[in-house]
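Protein sequence lines correspond, in order, to chains A and B. Here the working numbering is used: the first residue of the first sequence is 1, the next is one more, and so on. Here the working numbering is used: the first residue of the second sequence is 1, the next is one more, and so on.
Hints listed in this document are in silico derivations from the structure and should not be mistaken for laboratory results.
Just so you have them, the derived chain B footprint on chain A, three or more residues with Cβ under 8 angstroms:
1. 41-47
2. 82-93
Cut-off 20 angstroms, straight-line C-alpha distance, at most; resulting in silico cross-link-like pairs (EDC-like, lysine to aspartate or glutamate):
3. A:2 with B:38
4. B:57 with B:30
5. A:99 with B:59
6. A:99 with B:54
7. B:57 with A:3
8. A:99 with A:5
9. B:9 with B:38
10. A:99 with B:30
11. B:83 with B:59
12. B:9 with A:45
13. A:56 with A:78
14. A:42 with B:24
15. B:9 with B:72
16. B:71 with B:96
17. A:42 with A:83
18. A:2 with B:59
19. A:99 with B:96
20. A:67 with A:27
21. B:70 with B:30
22. A:99 with A:3
23. A:42 with B:38
24. B:83 with B:62
25. B:9 with B:24
26. A:99 with B:62
27. A:67 with A:55
28. A:67 with A:57
29. A:99 with A:45
30. B:71 with B:24
31. B:70 with B:96
The beta carbon of each residue, even a glycine, is placed where N, CA and C say it ideally should be.
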Amino acid sequence: QKEVEQNSGPLSVPEGAIASLNCTYSDRGSQSFFWYRQYSGKSPELIMSIYSNGDKEDGRFTAQLNKASQYVSLLIRDSQPSDSATYLCAVSIIQGAQKLVFGQGTRLTINP
Amino acid sequence: DGGITQSPKYLFRKEGQNVTLSCEQNLNHDAMYWYRQDPGQGLRLIYYSQIVNDFQKGDIAEGYSVSREKKESFPLTVTSAQKNPTAFYLCASSIEGRLGIQYFGAGTRLSVL
Numbered sequence: 001q002k003e004v005e006q007n008s009g010p011l012s013v014p015e016g017a018i019a020s021l022n023c024t025y026s027d028r029g030s031q032s033f034f035w036y037r038q039y040s041g042k043s044p045e046l047i048m049s050i051y052s053n054g055d056k057e058d059g060r061f062t063a064q065l066n067k068a069s070q071y072v073s074l075l076i077r078d079s080q081p082s083d084s085a086t087y088l089c090a091v092s093i094i095q096g097a098q099k100l101v102f103g104q105g106t107r108l109t110i111n112p
Numbered sequence: 001d002g003g004i005t006q007s008p009k010y011l012f013r014k015e016g017q018n019v020t021l022s023c024e025q026n027l028n029h030d031a032m033y034w035y036r037q038d039p040g041q042g043l044r045l046i047y048y049s050q051i052v053n054d055f056q057k058g059d060i061a062e063g064y065s066v067s068r069e070k071k072e073s074f075p076l077t078v079t080s081a082q083k084n085p086t087a088f089y090l091c092a093s094s095i096e097g098r099l100g101i102q103y104f105g106a107g108t109r110l111s112v113l
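Start from the sequences, fold in the hints, and give me the full structure.
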């Protein structure tokens, strides 16, 4: 089982709709969770972090965490064409030292 | 402006050749990282360093080497032992203890001639 798993997509969503991106992780002891956005040919940039169960909202983005189910998600409301990118889920795990493990990413396309 | 600078943007390696990718940061971060990204894949950790003159292997260190002689610099050498080096290489840095919040350089695309 991969440490961090995402559906690679592509996920296609019409403009103005809600895009829902999902991520599962295997280390039950993980405490910190992150979403990075990566435009094609560019480097990743952090858009959300979440550390506690429940929802965390930042503008049109909402991160949701359920540690019991080992599941973290990202919702994008009122999706815009500029949201088209690959979204990488990252989880902090401890294997000897603490390290950040990335999922393979979900490619999201917002259709005008 | 503070940030991470990677160079070159594109690099071509001949068979049997070692090549070095540069990474410089002026964010005053203690921790620095090197990742490899293959098409359609996430990031895989090659090496990381939490302090000057110290670094640790990541998940795919074979065929790579690094040094950390200055806080600002963390160069990566892709050696001839790395048989499949074609990939997008990303350097990142973070504040000590905040490894989830990483800042990335623009990346170097390495190809084999």
